[in-house]
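Chemist: Chains as they are written, first to last, in my numbering: chain A, 1 to 280; chain B, 1 to 579.
Certain hints may be false.
Claimed, not checked - One side of the interface only, derived from the structure: several residues of chain B facing chain A at Cβ under 7 Å: (1) G165; (2) D310; (3) S428; (4) V465; (5) G469.
What the hints assert, rightly or not - Below, simulated DSS-like cross-link-like pairs (lysine-lysine); rule was C-alpha separation at most 30 Å, straight line: (6) A:K267 - B:K117; (7) B:K179 - A:K267; (8) A:K273 - B:K145; (9) A:K273 - B:K178; (10) B:K117 - B:K524; (11) A:K98 - B:K407; (12) A:K118 - A:K108; (13) B:K335 - B:K349; (14) A:K273 - B:K407; (15) B:K339 - A:K267; (16) B:K524 - A:K267; (17) B:K287 - B:K231; (18) A:K98 - B:K179; (19) B:K551 - A:K267; (20) B:K525 - A:K273; (21) B:K500 - A:K273; (22) B:K568 - A:K267; (23) A:K273 - B:K287; (24) B:K349 - A:K273; (25) B:K244 - A:K273; (26) B:K178 - A:K108; (27) B:K178 - A:K224; (28) A:K98 - B:K524; (29) B:K335 - A:K267; (30) A:K221 - B:K58; (31) B:K178 - A:K62; (32) B:K335 - B:K197; (33) A:K273 - B:K104; (34) A:K273 - B:K470; (35) B:K101 - A:K224; (36) A:K250 - B:K244; (37) B:K445 - B:K470; (38) B:K445 - A:K108; (39) B:K551 - A:K98.
Calculated directly from the structure, the hints in this document are not laboratory data.
Heads up, the beta-carbon is just placed ideally off N, CA and C, and yes, glycines get one too.
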Amino acid sequence: MRDHLNELESKTIYILREVRVQFKNPAFLCSFGKDSVTMLYIAKKAFGEIPFPVVHLDTGFKFPEMYAYRDRLQKELGFKLIIARNEDASKKGMGPEKGHFECCNSLKTDNLKQVIAKYGFDAFILGIRRDEHGIRAKERYFSPRDNDFKWKTSRMSRKEGTDSGLESLQDSEMSGWDLYASVYKDSSHVRIHPLLHWSEIDVWSYIKRNNIKVNPMYFAKEGKRFRSLGCMPCTAPMESNASTVEEIIKELEETQVEERHGRLSTKEHNMEKLRSLGYM
Amino acid sequence: MKRVLFFLLFILTAFIIFRYIESSSVQMEPKYRKVLVIGIDGMDPKQGERTEMPNFRKLEFHTLDTSLPPHSPVAWTTIATGVNPGRHNIFDFIRWDSREKLPKLSLWEDDYSSIVKAEPLWRITSKAGIPTTVIRYPVTFPPEKVKGSMLSGLGVPDVKGFLSGYSFYTDDISVMGKKVIHVQGNPIETYVSGPRKQEGDNVVDVRVPMKIALNDGKAVVSIDGKTYDVKEGGWSDWIRVKFKTGFLSEVYGICKVYLMSSEPFKMYLTTVQIDPENPMFDISYTKEYSAELAREMGLFYTLGMPEDTDALNDNMIDDKIFLEQCDEIEAERDKMFWKEFEKFNKQEKGLLVVVYDTSDRLQHIYGENVSDYFLKKDRFLGEVLSRIDNNTAVIVLSDHGFTTFDKAVSVNTWLAENGYIALTREISAEDEGALFEYVDWDHTKAFSVGFNSVYCDEKITNELVEKLGKVEGIFKVYRKEDVYSGIYIEEAPNIILGFKPGYRMSWQNAVGGFTPEVVFENTKKWRNDHLVDPSYVPGVLYTNFKTNKEKPHQVDVAPTILSLLGLKPPEEMDGDDLT
Numbered sequence: 001m002r003d004h005l006n007e008l009e010s011k012t013i014y015i016l017r018e019v020r021v022q023f024k025n026p027a028f029l030c031s032f033g034k035d036s037v038t039m040l041y042i043a044k045k046a047f048g049e050i051p052f053p054v055v056h057l058d059t060g061f062k063f064p065e066m067y068a069y070r071d072r073l074q075k076e077l078g079f080k081l082i083i084a085r086n087e088d089a090s091k092k093g094m095g096p097e098k099g100h101f102e103c104c105n106s107l108k109t110d111n112l113k114q115v116i117a118k119y120g121f122d123a124f125i126l127g128i129r130r131d132e133h134g135i136r137a138k139e140r141y142f143s144p145r146d147n148d149f150k151w152k153t154s155r156m157s158r159k160e161g162t163d164s165g166l167e168s169l170q171d172s173e174m175s176g177w178d179l180y181a182s183v184y185k186d187s188s189h190v191r192i193h194p195l196l197h198w199s200e201i202d203v204w205s206y207i208k209r210n211n212i213k214v215n216p217m218y219f220a221k222e223g224k225r226f227r228s229l230g231c232m233p234c235t236a237p238m239e240s241n242a243s244t245v246e247e248i249i250k251e252l253e254e255t256q257v258e259e260r261h262g263r264l265s266t267k268e269h270n271m272e273k274l275r276s277l278g279y280m
Numbered sequence: 001m002k003r004v005l006f007f008l009l010f011i012l013t014a015f016i017i018f019r020y021i022e023s024s025s026v027q028m029e030p031k032y033r034k035v036l037v038i039g040i041d042g043m044d045p046k047q048g049e050r051t052e053m054p055n056f057r058k059l060e061f062h063t064l065d066t067s068l069p070p071h072s073p074v075a076w077t078t079i080a081t082g083v084n085p086g087r088h089n090i091f092d093f094i095r096w097d098s099r100e101k102l103p104k105l106s107l108w109e110d111d112y113s114s115i116v117k118a119e120p121l122w123r124i125t126s127k128a129g130i131p132t133t134v135i136r137y138p139v140t141f142p143p144e145k146v147k148g149s150m151l152s153g154l155g156v157p158d159v160k161g162f163l164s165g166y167s168f169y170t171d172d173i174s175v176m177g178k179k180v181i182h183v184q185g186n187p188i189e190t191y192v193s194g195p196r197k198q199e200g201d202n203v204v205d206v207r208v209p210m211k212i213a214l215n216d217g218k219a220v221v222s223i224d225g226k227t228y229d230v231k232e233g234g235w236s237d238w239i240r241v242k243f244k245t246g247f248l249s250e251v252y253g254i255c256k257v258y259l260m261s262s263e264p265f266k267m268y269l270t271t272v273q274i275d276p277e278n279p280m281f282d283i284s285y286t287k288e289y290s291a292e293l294a295r296e297m298g299l300f301y302t303l304g305m306p307e308d309t310d311a312l313n314d315n316m317i318d319d320k321i322f323l324e325q326c327d328e329i330e331a332e333r334d335k336m337f338w339k340e341f342e343k344f345n346k347q348e349k350g351l352l353v354v355v356y357d358t359s360d361r362l363q364h365i366y367g368e369n370v371s372d373y374f375l376k377k378d379r380f381l382g383e384v385l386s387r388i389d390n391n392t393a394v395i396v397l398s399d400h401g402f403t404t405f406d407k408a409v410s411v412n413t414w415l416a417e418n419g420y421i422a423l424t425r426e427i428s429a430e431d432e433g434a435l436f437e438y439v440d441w442d443h444t445k446a447f448s449v450g451f452n453s454v455y456c457d458e459k460i461t462n463e464l465v466e467k468l469g470k471v472e473g474i475f476k477v478y479r480k481e482d483v484y485s486g487i488y489i490e491e492a493p494n495i496i497l498g499f500k501p502g503y504r505m506s507w508q509n510a511v512g513g514f515t516p517e518v519v520f521e522n523t524k525k526w527r528n529d530h531l532v533d534p535s536y537v538p539g540v541l542y543t544n545f546k547t548n549k550e551k552p553h554q555v556d557v558a559p560t561i562l563s564l565l566g567l568k569p570p571e572e573m574d575g576d577d578l579t
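From just these sequences and the hints, can you work out the full model?
Modeler: Here is the structure:
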């Protein structure tokens, strides 16, 4: 039976197979949230084992539950786990109080640069989805990054007058034709997004059907649950009573609010009202 | 026969009662049959000194002492009511709700009813049967019944119930901001964010889909089945948006877009304003007056403060776009003025009050460099003066002047550092702790909200007055008992701060927040302000009649206008008749 979830799964497997053919040294970049874990389960299903190493960018600010869950999952699925920390920056006291951007840049981006330098990865497979965020809506399945990890778009390369061969490849990504640009020159690495076409509700439905064990923090405790899991200082739970996968699916069907946006509390509303005075 | 006599007696009694009600204010011999008041928000006395302004020079000039503190809502309410804040109840842009322990805007109650407690002069003239029309006077939302028309000014909210809120649409992911909406593709499928709905403890925006097709430097914006063309570097016409807020309920808003560029795509959308033809709340008296205006002059900016200084401050629009918007708002106000002036000029008696406030926004940004604006105002005044008859008194006035805003002061930070505020965690640059989030109220003895107000335990007032007087940037510290009188003095902050020129309370402080430093540089485009000690920022008073006071104050204006029209000013008014 080929239903909606099977379609999604087979497209993801197709992309993962393409990665194995086209790249010499790829790795999964995994946050151990529901999306990246779903991706690992699909890889296991497709290849019988997890075919590439799994990199975890550990900022040191993750939830304790997450670390415990990660280690349980490694035992269950049996993958090569690379835990990467930017020890230098952490020792120097890098943290969210230095500014959200600074912190992410140092503990994630710089950290990833060090991982590439050390292991020579040429591709990272991530579990991002198109419906997740305004910015991600423009992502491609195969997304080349330059040395600063900036997204190389066709417009950029055209402007710079270079001929990296990227634009024609990117533009040839035609959904429905199973043609994905996966041959690259001149890129630091390529990011691959095999779950790009999944929605949040698809992922939960897949988790339900395949009985995937996700981080328990997704389920409501005392009226609150996490909808996405980042670092502790920058992630807040939402009001919810959904304590099972079924209840989460039901909740998602009833709400149309963007996943990373959350809803405004009355307090935020009051604040916005005061700010609208514009007396900056 | 008896019946006829009875009937006549009845008619006579009714007539006497009616006359009595109509003239409940004591009548005197009017000096003028008509009074025309033109308000120019924030007009600084320096602006009128220019030699190239011959028409202002035809009038008698005085500086007009402003209210403490010199905020537009406080000052304009003082002018309209002739009483001090202790009687009219507006003490700052932002007030303290002691029940909810929250700072709130002093423009309305939570349900958008008026918080002004004193009687404004248009109510008195209306009761006396004098035709009275008031256009865009600050703090007149909600509008009130007058013997004529009223269009509300500062305080009219947008469709969300806010005072402003633009949106910026772009496909450039490097453009960041709270009001930025990232879009993609061509045609672009996005939305206009509208009114808010309470859903349980949360608040959600109601949205309407918007499609934008780009072609050759042009955009076609489709909303609700209608299309609007906009060229690169140009404005659209007014766009009407219908928001479904519930089963059978809908709200209408109007907005405009400005297309900066189509590649990368950058488009500014004004605050979605209340539609004057289908208003969600009344923004005029009569209810139909706003629609009548819109039918005659086209749709117009209805928001209380529509000049988008926020978008300019956030660098989402540039000066050119901001100034074009200001020009348009000014032109709309002119149309309203002339429509009402033609009517007023033909009347036997009457009061017409029109307030222009783009002048205030321009001076906040450009300071003294706004001569073009005031030269135009002079030509406008020339035209007005050439048209009036001998029976018309003319008053041109402003609510305050201007000074620079170089340094911001956070009095809350000072109070915390000096042990008057107890905090439950340390202050950091990233988290200002707005709305007193980290304040331990049980151990807090004083705090500041708004731009000049300090609330404290009465026992420490004297101690605080003395200490605050030594804080950098503070010129004078006032105790409420020394400066206010009246039954609403209970609502007043215990202490009112008068800043030196160049200093202003920080925005963070105004909303109950903290900053790492007590005093720091202001780096915004909002470079000028007037929230200092009133002695530094008097407004202007121009009259075409002789006045009798060297230094008139705002409280004198209402009694003067009533006296000009032959009405005895009520005893409760604090001011004097200047004639």
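Chemist: Against each hint, give a clear statement of whether it holds in the structure.
Modeler: Right, here's what the structure says about each hint:
1. G165: Where the cut-off is 7 Å and the nearest Cβ of chain A is about 6 Å from G165 of chain B, the hint holds.
2. D310: Constraint on D310 of chain B satisfied, holds at 5 Å.
3. S428: holds (6 Å)
4. V465: For V465 of chain B, the interface hint is violated, since the closest Cβ of chain A sits about 25 Å away, which is over 7 Å.
5. G469: violated (25 Å)
6. A:K267 - B:K117: Holds. K267 of chain A to K117 of chain B sits at ~28 Å (cutoff 30 Å).
7. B:K179 - A:K267: Since the Cα atoms of K179 of chain B and K267 of chain A sit roughly 18 Å apart, the hinted pair holds (cutoff 30 Å).
8. A:K273 - B:K145: holds (28 Å)
9. A:K273 - B:K178: holds (14 Å)
10. B:K117 - B:K524: violated (35 Å)
11. A:K98 - B:K407: holds (24 Å)
12. A:K118 - A:K108: holds (15 Å)
13. B:K335 - B:K349: holds (22 Å)
14. A:K273 - B:K407: At roughly 25 Å apart (the allowed maximum being 30 Å), K407 of chain B and K273 of chain A satisfy the hint.
15. B:K339 - A:K267: violated (43 Å)
16. B:K524 - A:K267: Holds, because 26 Å separates the two Cα atoms, which is no more than 30 Å.
17. B:K287 - B:K231: violated (36 Å)
18. A:K98 - B:K179: holds (24 Å)
19. B:K551 - A:K267: violated (45 Å)
20. B:K525 - A:K273: holds (21 Å)
21. B:K500 - A:K273: With Cα atoms ~29 Å apart, K500 of chain B and K273 of chain A stay inside 30 Å; holds.
22. B:K568 - A:K267: violated (48 Å)
23. A:K273 - B:K287: It holds: about 26 Å lies between the C-alpha atoms, which stays within 30 Å.
24. B:K349 - A:K273: Distance ~41 Å between K349 of chain B and K273 of chain A Cα, so the pair is violated.
25. B:K244 - A:K273: Holds, at about 22 Å.
26. B:K178 - A:K108: Satisfied, since the Cα-Cα distance of roughly 23 Å is no more than 30 Å.
27. B:K178 - A:K224: Measuring from Cα to Cα gives roughly 25 Å; hence the hint holds.
28. A:K98 - B:K524: With Cα atoms ~22 Å apart, K98 of chain A and K524 of chain B stay inside 30 Å; holds.
29. B:K335 - A:K267: Violated: K335 of chain B and K267 of chain A sit about 40 Å apart, past 30 Å.
30. A:K221 - B:K58: Violated: K221 of chain A and K58 of chain B sit about 75 Å apart, past 30 Å.
31. B:K178 - A:K62: Roughly 26 Å separates the two Cα atoms, so the pair holds.
32. B:K335 - B:K197: Violated, at about 35 Å.
33. A:K273 - B:K104: This hinted pair holds, its Cα atoms lying about 9 Å apart.
34. A:K273 - B:K470: violated (33 Å)
35. B:K101 - A:K224: holds (26 Å)
36. A:K250 - B:K244: holds (24 Å)
37. B:K445 - B:K470: holds (19 Å)
38. B:K445 - A:K108: violated (44 Å)
39. B:K551 - A:K98: Not satisfied, since the Cα-Cα distance of roughly 53 Å exceeds 30 Å.
Of the numbered hints stated above, those contradicted by the structure are hints 4, 5, 10, 15, 17, 19, 22, 24, 29, 30, 32, 34, 38 and 39, listed in ascending order.
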